[in-house]
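Enquirer: Residues per chain, in single letters:
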Amino acid sequence: SQQGEEDPQALSIQEGENATMNCSYKTSINNLQWYRQNSGRGLVHLILIRSNEREKHSGRLRVTLDTSKKSSSLLITASRAADTASYFCATDSLNTDKLIFGTGTRLQVFP
Amino acid sequence: EPEVTQTPSHQVTQMGQEVILRCVPISNHLYFYWYRQILGQKVEFLVSFYNNEISEKSEIFDDQFSVERPDGSNFTLKIRSTKLEDSAMYFCASSETDWGPPQHFGDGTRLSIL
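Here the protein sequences line up with chains A and B, keeping their order. Take the first sequence: its position 97, counted from the start at 1, is 97 in this note's numbering, and no numbers get skipped. So this note's numbering is basically just the index in the second sequence, starting at one, shifted up by 1000.
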């Protein structure tokens, strides 16, 4: 798989449920970031986790990073209809600040 | 909260024409980027820019592309002779430093080449 592959590709849940999205990458990273994209809009930064961190929280978001498995997960707790969007992981590496994006997970939260 | 702003939101251009996409990064940011997203595909890096010069560019960023910071606030992407395959959403981003703070993205310019 390419750098930054998310799974599942699509996820549908009811409001109040938790949503978990996963991201795998291939090369060593410096940081991993999660972004949200509403349909037809730009990318909104959600959370950044550095390669020496294992877990990070921000509000209803929880991100984990396992560098030995080259994977990360994004958990959205108590989801809301407004969380409906595509979610992307993006990595950067040493000696470069360009972001490499994954394919994204389309999350649909039904009220 | 400060934002990256991009204009226009939608640009329709005939194939072969030049197009300039404009961006106003967040005012205290020093690092600037362009990315593009072809419909249904991944967001792809085009170029990064720091201290008035390109610091990195991708294979996509060929001689038809150029970037400029013509004044203290604007950051532009020019495509000299557009092709059909340049149709995409183009995103500008900026960051304070290059060592990890997030890149903040604008809402993008949808470029349609006819």
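The set of hints was computed from the structure by calculation and includes no laboratory data. What you are looking at is a predicted structure, and each value in this text was computed from that prediction instead of being measured. In this text, a Cβ means the ideal position worked out from N, Cα and C, and glycines have one as well. Each hint should be verified, as a subset may be incorrect.
[What the hints assert, rightly or not] Partner residues aside, some chain A positions facing chain B, computed with beta carbon under 8 Å:
no.	residue
1	L11
2	L61
3	D97
4	K98
5	F101
6	T103
7	F110
[Stated by the list, open to error] As a list, the in silico DSS-like pairs of lysine-lysine whose alpha-carbon atoms are at most 25 Å apart:
no.	chain 1	residue 1	chain 2	residue 2
8	A	K56	A	K69
9	B	K1078	B	K1042
10	A	K26	B	K1057
11	A	K69	B	K1042
12	A	K70	B	K1078
13	A	K26	B	K1078
14	A	K26	A	K69
15	B	K1057	B	K1042
Enquirer: All hints, please: hold or fail.
Expert: Now for the hints, and whether the structure bears them out:
1. A distance limit of 8 Å between C-beta atoms decides the matter here; for L11 of chain A the minimum to chain B is near 18 Å, and the interface restraint is violated.
2. At its closest, the beta carbon of L61 of chain A sits 14 Å from a beta carbon of chain B; the interface hint therefore is violated under the 8 Å criterion.
3. With a least beta-carbon distance of about 4 Å to chain B, the hint placing D97 of chain A at the interface is held under the 8 Å criterion.
4. A cut of 8 Å between beta carbons decides the hint on K98 of chain A: the least distance to chain B is about 4 Å, and the hint holds.
5. A cut of 8 Å between beta carbons decides the hint on F101 of chain A: the least distance to chain B is about 4 Å, and the hint holds.
6. Annotation: T103 of chain A was flagged as interfacial toward chain B, and the flag holds, the nearest CB pair being 6 Å apart, inside 8 Å.
7. A distance limit of 8 Å between C-beta atoms decides the matter here; for F110 of chain A the minimum to chain B is near 23 Å, and the interface restraint is violated.
8. Proximity of K56 of chain A to K69 of chain A is assessed by CA-CA distance (about 17 Å); at most 25 Å being required, the pair is judged to hold.
9. Taken as a hint, the K1078 of chain B and K1042 of chain B pair is honoured in the structure, with Cα atoms around 21 Å apart against an allowance of 25 Å.
10. Taken as a hint, the K26 of chain A and K1057 of chain B pair is honoured in the structure, with Cα atoms around 21 Å apart against an allowance of 25 Å.
11. Between the alpha carbons of K69 of chain A and K1042 of chain B the distance comes to roughly 22 Å, so the proposed pair stays at or under 25 Å and holds.
12. The suggested pairing of K70 of chain A with K1078 of chain B is violated, with an alpha-carbon distance near 36 Å, which exceeds 25 Å.
13. As the CA atoms of K26 of chain A and K1078 of chain B are separated by approximately 33 Å, the hinted pair breaks the 25 Å bound.
14. Between K26 of chain A and K69 of chain A, the direct Cα distance comes to roughly 9 Å. Compliance with the 25 Å bound is thereby established for this hinted pair.
15. With a CA separation close to 17 Å, the supplied pair K1057 of chain B and K1042 of chain B stays within the 25 Å bound.
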